[in-house]
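From first to last, the protein sequence lines stand for chains V and Z.
Taking the numbering used here, the leading residue of the first sequence gets 7, the next gets one more, and so forth.
Taking the numbering used here, the leading residue of the second sequence gets 7, the next gets one more, and so forth.
Every clue listed holds true.
If you only want the chain Z side, here are some residues facing chain V, beta carbon under 8 angstroms, derived:
1) Glu33
2) Val195
3) Arg225
Worth flagging that the hints you see were computed from the coordinates, not collected in a lab.
The beta-carbon is built from N, C-alpha and C at its ideal position, and this holds for glycine as well.
There are 2 protein chains.
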Amino acid sequence: MATQVTFEKATDTYLIRPNPADPRLTERVTGVDQTGAAVTTSVTVERALTIYLNRQEIVTAMTIGDYPDYLAIGYLLNQNMLRADDVVTGVDYDHDLAVAIVRTERETDYEDKLRKRTQTSGCAQGTAFGDLMELIDGVTLPAATLRTSWLYALTNKINTTPSLYLEAGAIHGCVLAEGDRPLVYMEDVGRHNAVDKIAGWMFQNRVSAHDKIFYTTGRLTSEMVIKTVRMGIPILVSRSGFTAWGVELARKAGLTLIGRARGKRFVALAGEDRIVFDQDLSYVEEESGKHRRKAAVHDD
Amino acid sequence: MATQVTFEKATDTYLIRPNPADPRLTERVTGVDQTGAAVTTSVTVERALTIYLNRQEIVTAMTIGDYPDYLAIGYLLNQNMLRADDVVTGVDYDHDLAVAIVRTERETDYEDKLRKRTQTSGCAQGTAFGDLMELIDGVTLPAATLRTSWLYALTNKINTTPSLYLEAGAIHGCVLAEGDRPLVYMEDVGRHNAVDKIAGWMFQNRVSAHDKIFYTTGRLTSEMVIKTVRMGIPILVSRSGFTAWGVELARKAGLTLIGRARGKRFVALAGEDRIVFDQDLSYVEEESGKHRRKAAVHDD
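Hey, can you work out the whole structure from these sequences and the hints?
Okay, structure coming up:
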């Protein structure tokens, strides 16, 4: 017992981490397996949440339903319907009505944005970003460093953190980190929801972005790159792959873009100058079968 | 050589299959690997396609860009903006403008639908389905059989088909099959685009759905279940996991829902009565390291 406590103290830098034991986030269902035998298994909950900005209905998202306040605020921020200097006076959440209402001090100019909805790839036809493309034109991301020793420490910690995706699969994860320390780990059935929840958390807690690293289990698409740049985070890491446009936008914005980060391997396709190769690779293991299996559960 | 030709003749039942050698679908980009050494790698192309229905702009999707006609028609069908009895007089596609215009004989009632846009989980905040939920209320899926011997033959064929996802990763795949024969294999950066392209192909080629099996690499969310039910296909198989709502909707619609189909294993959580367990499992291999790695590349 003592050893375990020491271990957790030494490694647990999380301010927020998944709670796979939360009974609201998974359901037990019965079915049959490949032999025809009855089985009971856990599946991830997926529920609707309608987000309002003041009196205006904005969108209905499908989410696991934890942190509806962060999701609502982060969504509006990442859609440019909320500005960094907007004052959020409160978020009213009604679980039964499945509604989250973000209230701001001043009225906002989001209605124009609503007319510009486009769908993006995410993995679905994705979210509405309209003019978000233009918004990253003027962004200059800060100088920053990514030590490869941090990268391996981070991915090792993240992969061994108990999560819904180990419990029930079919879920995405995102982590906000500083150096080799994971700070906030959010999961959601919608990959972009997990990103938005972290954006909402950062906004509500006035957390600076310039010294942070963003980790995602999802692919490095145009939309993922745009969101990270909008959040002001200079480094984006994924265990998944790239799209060509994601790479192009990252280069344009000066974002460090690292993908296919599994075990010892990774590829950086933009902003390589921030990387300090300080890790002796002979001490890093290839991804184990256990982690490969986790990855495989976690497919889209 | 003779052996190879015989092999392909015996197993290739595809009417459409991926062409990973198509230079329009991947780009070569340079970067660095974990040692700091320069590397060149392939990444999947992602481009915008704006879909019009007659004079009305509907949506801009991010896609790899093959089969824009099938994508446009399938998207409109799966959004209920086109009906099964609508006559498509043509699809005008302009590569440089990135526009696909679906022209129909009669005007359609899609404008009401546009007002009901919601975002769904897919893995992003996803597509607009508004009242699609109601549409599956009245659907009765046909009687059908899924032999487990077909299932293993299918997944084995699909996993060994050359694909963009082997070439460049960061892409989803869907396959329309009949018995143990894959017929159409579509890939896209957007998982729902791959589904929509198959729906468009089925519509244009007047292919019946009642005896088909749908395979996806993506998760079994509410949206995936709704699309499959709308297409009239009675059996949906995925190598990924389930959401609780996906399971609930599948049970309600009488869809056979099989997930976590990897190597020897699978779990069926709805419509188990269609499954005939005719495969001797001692002849089925566990998923090999090679396929695990493929799965892992293909993460969201």
